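Taking the hints into account, I'd like the entire structure generated from these sequences.
Chain by chain, the residues run as shown.
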Amino acid sequence: MKRIEAVNDFVVKFANVNGSGSASANELFARSFLRMGVPVSPRNIFPSNIQGLPTWYEVRVTEQGWLGRRGGVDLMVAMNPQTWDKDVAEIEAGGYLLYDNTKPLPASRFRPDVHAVGVPLTQMCNAAYSDPRERQLLKNIMYVGVLAALLAIDPAAIAELIGEQYKGKERLLKPNLDAFRKGFHYATEHLEDAIGLRVRRAANVGDRIFIEGNAATALGAVYGGATVCAWYPITPSSSVAEAFERYCTRLRIDKETGEKRYAIIQAEDELASIGMVVGAGWNGARAFTATSGPGISLMTEFIGLAYFAEIPAVLVDVQRGGPSTGMPTRTQQADLIACAYASHGDTRHVLLIPEDPHECFEFTAQAFDLAEQLQTPVFVMTDLDIGMNQRLCAPLKWDDSRSYDRGKLMTAEMLDAGRDFGRYLDVDGDGVPFRTLPGTHPTQGGYFTRGTTKDPYARYSEAGPDYVYNVQRLLKKHDTAKKLVPPAIEKKAGAPTRFGVIHFGSTAPAMAEACEALTERGLEVDTLRLRAFPFGDEVARFIAEHPTVFVIEQNRDAQMRTMLVNELGTDPARLVPILHYDGTPITARFITGMIADRMSGANVEPLKRDKVA
Amino acid sequence: MTYLAKPLLRHPTLPTNRLGYTRRDYEGKISTLCAGCGHDSISAAIIQACWELEIEPHKVAKLSGIGCSSKTPDYFLGNSHGFNTVHGRMPSVLTGAALANRDLIYLGVSGDGDSASIGLGQFAHLMRRGVNMTYIVENNGVYGLTKGQFSATADQGSKSKRGAINPDSAIDLVPLALQLGATYVARSFSGDKAQLVPLIMGALAHPGAALIDVISPCVAFNNHPGSTRSYDYVREHNEAVNRIDFIPKRSEITTDYAPGEAVEVVQHDGSALRFRKLEEDFDPHDRIAAMNYVMTRQALGEIVTGLLFVDPEAGDLHQRLGTPAAPMNRLDETTLCPGSAMLERINASLR
Numbered sequence: 001m002k003r004i005e006a007v008n009d010f011v012v013k014f015a016n017v018n019g020s021g022s023a024s025a026n027e028l029f030a031r032s033f034l035r036m037g038v039p040v041s042p043r044n045i046f047p048s049n050i051q052g053l054p055t056w057y058e059v060r061v062t063e064q065g066w067l068g069r070r071g072g073v074d075l076m077v078a079m080n081p082q083t084w085d086k087d088v089a090e091i092e093a094g095g096y097l098l099y100d101n102t103k104p105l106p107a108s109r110f111r112p113d114v115h116a117v118g119v120p121l122t123q124m125c126n127a128a129y130s131d132p133r134e135r136q137l138l139k140n141i142m143y144v145g146v147l148a149a150l151l152a153i154d155p156a157a158i159a160e161l162i163g164e165q166y167k168g169k170e171r172l173l174k175p176n177l178d179a180f181r182k183g184f185h186y187a188t189e190h191l192e193d194a195i196g197l198r199v200r201r202a203a204n205v206g207d208r209i210f211i212e213g214n215a216a217t218a219l220g221a222v223y224g225g226a227t228v229c230a231w232y233p234i235t236p237s238s239s240v241a242e243a244f245e246r247y248c249t250r251l252r253i254d255k256e257t258g259e260k261r262y263a264i265i266q267a268e269d270e271l272a273s274i275g276m277v278v279g280a281g282w283n284g285a286r287a288f289t290a291t292s293g294p295g296i297s298l299m300t301e302f303i304g305l306a307y308f309a310e311i312p313a314v315l316v317d318v319q320r321g322g323p324s325t326g327m328p329t330r331t332q333q334a335d336l337i338a339c340a341y342a343s344h345g346d347t348r349h350v351l352l353i354p355e356d357p358h359e360c361f362e363f364t365a366q367a368f369d370l371a372e373q374l375q376t377p378v379f380v381m382t383d384l385d386i387g388m389n390q391r392l393c394a395p396l397k398w399d400d401s402r403s404y405d406r407g408k409l410m411t412a413e414m415l416d417a418g419r420d421f422g423r424y425l426d427v428d429g430d431g432v433p434f435r436t437l438p439g440t441h442p443t444q445g446g447y448f449t450r451g452t453t454k455d456p457y458a459r460y461s462e463a464g465p466d467y468v469y470n471v472q473r474l475l476k477k478h479d480t481a482k483k484l485v486p487p488a489i490e491k492k493a494g495a496p497t498r499f500g501v502i503h504f505g506s507t508a509p510a511m512a513e514a515c516e517a518l519t520e521r522g523l524e525v526d527t528l529r530l531r532a533f534p535f536g537d538e539v540a541r542f543i544a545e546h547p548t549v550f551v552i553e554q555n556r557d558a559q560m561r562t563m564l565v566n567e568l569g570t571d572p573a574r575l576v577p578i579l580h581y582d583g584t585p586i587t588a589r590f591i592t593g594m595i596a597d598r599m600s601g602a603n604v605e606p607l608k609r610d611k612v613a
Numbered sequence: 614m615t616y617l618a619k620p621l622l623r624h625p626t627l628p629t630n631r632l633g634y635t636r637r638d639y640e641g642k643i644s645t646l647c648a649g650c651g652h653d654s655i656s657a658a659i660i661q662a663c664w665e666l667e668i669e670p671h672k673v674a675k676l677s678g679i680g681c682s683s684k685t686p687d688y689f690l691g692n693s694h695g696f697n698t699v700h701g702r703m704p705s706v707l708t709g710a711a712l713a714n715r716d717l718i719y720l721g722v723s724g725d726g727d728s729a730s731i732g733l734g735q736f737a738h739l740m741r742r743g744v745n746m747t748y749i750v751e752n753n754g755v756y757g758l759t760k761g762q763f764s765a766t767a768d769q770g771s772k773s774k775r776g777a778i779n780p781d782s783a784i785d786l787v788p789l790a791l792q793l794g795a796t797y798v799a800r801s802f803s804g805d806k807a808q809l810v811p812l813i814m815g816a817l818a819h820p821g822a823a824l825i826d827v828i829s830p831c832v833a834f835n836n837h838p839g840s841t842r843s844y845d846y847v848r849e850h851n852e853a854v855n856r857i858d859f860i861p862k863r864s865e866i867t868t869d870y871a872p873g874e875a876v877e878v879v880q881h882d883g884s885a886l887r888f889r890k891l892e893e894d895f896d897p898h899d900r901i902a903a904m905n906y907v908m909t910r911q912a913l914g915e916i917v918t919g920l921l922f923v924d925p926e927a928g929d930l931h932q933r934l935g936t937p938a939a940p941m942n943r944l945d946e947t948t949l950c951p952g953s954a955m956l957e958r959i960n961a962s963l964r
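Chains as they are written, first to last, in my numbering: chain A, 1 to 613; chain B, 614 to 964.
Just to be clear, a hint being listed does not mean it is correct.
Quick list of the computed label-pair ranges, beta carbon to beta carbon [claimed, not checked]: (1) B/Lys760 <-> A/Tyr467: 23 to 31 Å; (2) B/Arg775 <-> A/Pro465: 51 to 59 Å; (3) B/Gly952 <-> A/Asp537: 33 to 41 Å; (4) A/Leu172 <-> B/Arg964: 42 to 50 Å; (5) B/Ala938 <-> A/Arg250: 15 to 23 Å; (6) B/Lys760 <-> A/Lys255: 42 to 50 Å; (7) B/Ala902 <-> A/Gly418: 54 to 62 Å; (8) B/Lys760 <-> A/Arg402: 52 to 60 Å; (9) A/Ala89 <-> B/Gly952: 50 to 58 Å; (10) B/Cys647 <-> A/Tyr467: 33 to 41 Å; (11) B/Gly776 <-> A/Leu53: 26 to 34 Å; (12) B/Glu926 <-> A/Gly258: 46 to 54 Å; (13) B/Gly952 <-> A/Gly206: 17 to 25 Å.
Each computed EDC-like pair below joins lysine to aspartate or glutamate, with the alpha-carbon atoms no more than 16 Å apart [said to hold, decoys possible]: (14) A/Lys397 <-> B/Glu957; (15) A/Lys260 <-> B/Asp945; (16) B/Lys774 <-> B/Asp716; (17) A/Lys491 <-> A/Glu545; (18) B/Lys806 <-> B/Asp945; (19) A/Lys2 <-> A/Glu301.
Hints were generated in silico from the structure; no laboratory data involved. None of the values given here were measured: they were computed from a predicted structure. Backbone N, C-alpha and C define an ideal beta-carbon position, used for all residues, glycine too.
So, in structure tokens, the structure goes:
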């Protein structure tokens, strides 16, 4: 029988029952590779459920540092009888199945081309522990012990992690270490060379950190100066607000007075969340909300108000599968158009699109500057894949000389000096007017903010020329945004090519890996990673330089491609959509296959204008 | 309604308050509402209350939703910042604004459609959060700007101007606010400035969520036979009740009528609303008793006005959140940003 042999390059998947305490054991397993200098990329695959339904945790061990999902499973840790058949079916031929053989299973439940490795986990736990909950929880740590022996993970690395996890909780530390050792010893004694997967110490992790995107986003809000957070719980964004609270409790409470330099409101719904953000932004505080697609739908009226009345606001959209409730625990990049053009009437909004937690931090902090510089809503477009999974990424960075850019604020001194104040007057030619904050001056600078049309001095007006002046200025402002947002990043292929690839967000790690796979097949592509909307000039230039551009997205309708065509007037025939939208994170295998197909096939051969009749 | 601008010249004998402002300094743009609209009387009462309270006009932030009533913040306190927000959503915007700067005085103006129909949820949650604000509902039971549809405060069985009968139960914001934890709850009538001005002053001075439900009949769409908001109907069915004026720090305010006296308020069209004062033993510090009283009298078809409940020790949202004494919109990177050294420590904990 074939046996998969691999060192530092394999996928382990855990099939568990939600609520059984497997998450911390599985995370422990993933972290142990990092301690050995081997990068990992774990992903939670979980249901919309608290207890009882199946949940999976997939760990890609990748010495080369490919952090996208690989696809396929080399070793399945099958701990959930509900999903046994499906889990067993998912294993690659020649792969391995680790299972609990306390109760014998008929041969028909196994696969002839998969190596089954049985461990009497339940029996061992029942023998060692008496408390039912303890039996269940420690079984998880026990299989980590088994895996450590099977894969040659340094047991000291895991013992160290367990020690860190239960620091100060001696009562928990001892049984966990004990369960780990029991599993480790069992495998050492009974399962010699049972599997062909191994880990070997390497030095490929470097100074990188291991963090969830949502936590990094929350830290970005703390560093970016957010003082007001209004939110409504929704998967997969809730942990942004919760992490913000956690970090604020640690970083924002005045040690002397106990004053909290933040206000977090769990609002009654998303309408109220964004309303509070708009109110706080109008009144000069940096405010944000975190939500997902259904929340954006509810917030849309307010987004239009904030755009038209020109109020700074930051919205974090951790995207999930839509429409409607859709796939609430699966990932997609499907809110692009909903956010870019949110609201009735003519609107265009600023989107920042991070690729990983490092950029979640950076872009969220920057979003608060942009929102005030441009006096408009700014969206941070992450997704479930980045937001709710721990991802290895560059350490977070902050420049202490950086100060918050509050944008064009007219002060009492400026008013006293006789500055002309027109709230909606374009004084600098960049479309961005000055604003005053409420309470600035006893007799000057007051104005009435509204969602109705107004003249440059904020006076109610339904006159056509006033309306046109205003909306044209807003377009100019959107142009100004192009120069302020993070530019797209181009990566040239090793050899000149007429094929380009546009991608963005959580697709980045899979794309990097796909590029290498394509090169191995002799196919070269230049890539451009979009990081913001509106598109900078570099995007149009990239498309102009490549007769065929693949646009890779995790949605059904090629939303980014639509936006490229819409904004840049690109010939749609040049933009070839590559779409992945089943709710799982996109893989390098998928991208490579799709692009290779199209590059080698005739179906994307561009028209030769001179040969067309 | 007039499109003739008032002259800017001030009569030299116009009285000024201690800040040196005349009432004119608290006025706003000229109203565009119908001639004789009760809402304009409420604006005038707000102007009078702010002038008497000697509030610096720019220290007030006035917010509203959408509708006739929500237009009015443009017509008073012209030097204050105002925000005409989204239909039914003034409470959330005001909550956010109040979090950003606790030094300003927050005045929310809304209508019965804005607060009891589309905005009932936000109304309720603002009250239960205890946002420090004055919430004035200009309540006429009808949609004016869209020409005469019922709102959620219209009484069951009442008749619209077009002849439709309202089949639905009415929402009364006063007992609702009492139930939700509002700490200053009053009802008044737009035509009774003597009662309304001190109620607004009390609300502005109150350190928590204050509701004043002001009955303000719509002269254009809800003043016909069959309406329970018409002056005739109220005259026939309203058993006048007693009332108490409770004004913090302003005990010298006097009312026009003595305890127990029936009151008839004559409007521009000659119609009148009759009120009676609250029982002299009515205790405005007892939330449950106030709810009982209002609902019992309402079942008899009466309209109870005056200050119905006040908790002088009320706290507010800022207190509950433990936010700084200084406005949060003045904090900058020196106090908000933990800096690179801390970030390095956080990085280290994530390896």
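The hints, checked one at a time:
no.: 1; hint: B/Lys760 <-> A/Tyr467: 23 to 31 Å; in the structure: holds, 25 Å
no.: 2; hint: B/Arg775 <-> A/Pro465: 51 to 59 Å; in the structure: violated, 38 Å
no.: 3; hint: B/Gly952 <-> A/Asp537: 33 to 41 Å; in the structure: holds, 35 Å
no.: 4; hint: A/Leu172 <-> B/Arg964: 42 to 50 Å; in the structure: violated, 23 Å
no.: 5; hint: B/Ala938 <-> A/Arg250: 15 to 23 Å; in the structure: holds, 22 Å
no.: 6; hint: B/Lys760 <-> A/Lys255: 42 to 50 Å; in the structure: violated, 59 Å
no.: 7; hint: B/Ala902 <-> A/Gly418: 54 to 62 Å; in the structure: holds, 58 Å
no.: 8; hint: B/Lys760 <-> A/Arg402: 52 to 60 Å; in the structure: holds, 55 Å
no.: 9; hint: A/Ala89 <-> B/Gly952: 50 to 58 Å; in the structure: holds, 52 Å
no.: 10; hint: B/Cys647 <-> A/Tyr467: 33 to 41 Å; in the structure: violated, 26 Å
no.: 11; hint: B/Gly776 <-> A/Leu53: 26 to 34 Å; in the structure: violated, 56 Å
no.: 12; hint: B/Glu926 <-> A/Gly258: 46 to 54 Å; in the structure: violated, 22 Å
no.: 13; hint: B/Gly952 <-> A/Gly206: 17 to 25 Å; in the structure: holds, 24 Å
no.: 14; hint: A/Lys397 <-> B/Glu957; in the structure: holds, 8 Å
no.: 15; hint: A/Lys260 <-> B/Asp945; in the structure: holds, 14 Å
no.: 16; hint: B/Lys774 <-> B/Asp716; in the structure: violated, 45 Å
no.: 17; hint: A/Lys491 <-> A/Glu545; in the structure: holds, 13 Å
no.: 18; hint: B/Lys806 <-> B/Asp945; in the structure: violated, 44 Å
no.: 19; hint: A/Lys2 <-> A/Glu301; in the structure: violated, 59 Å
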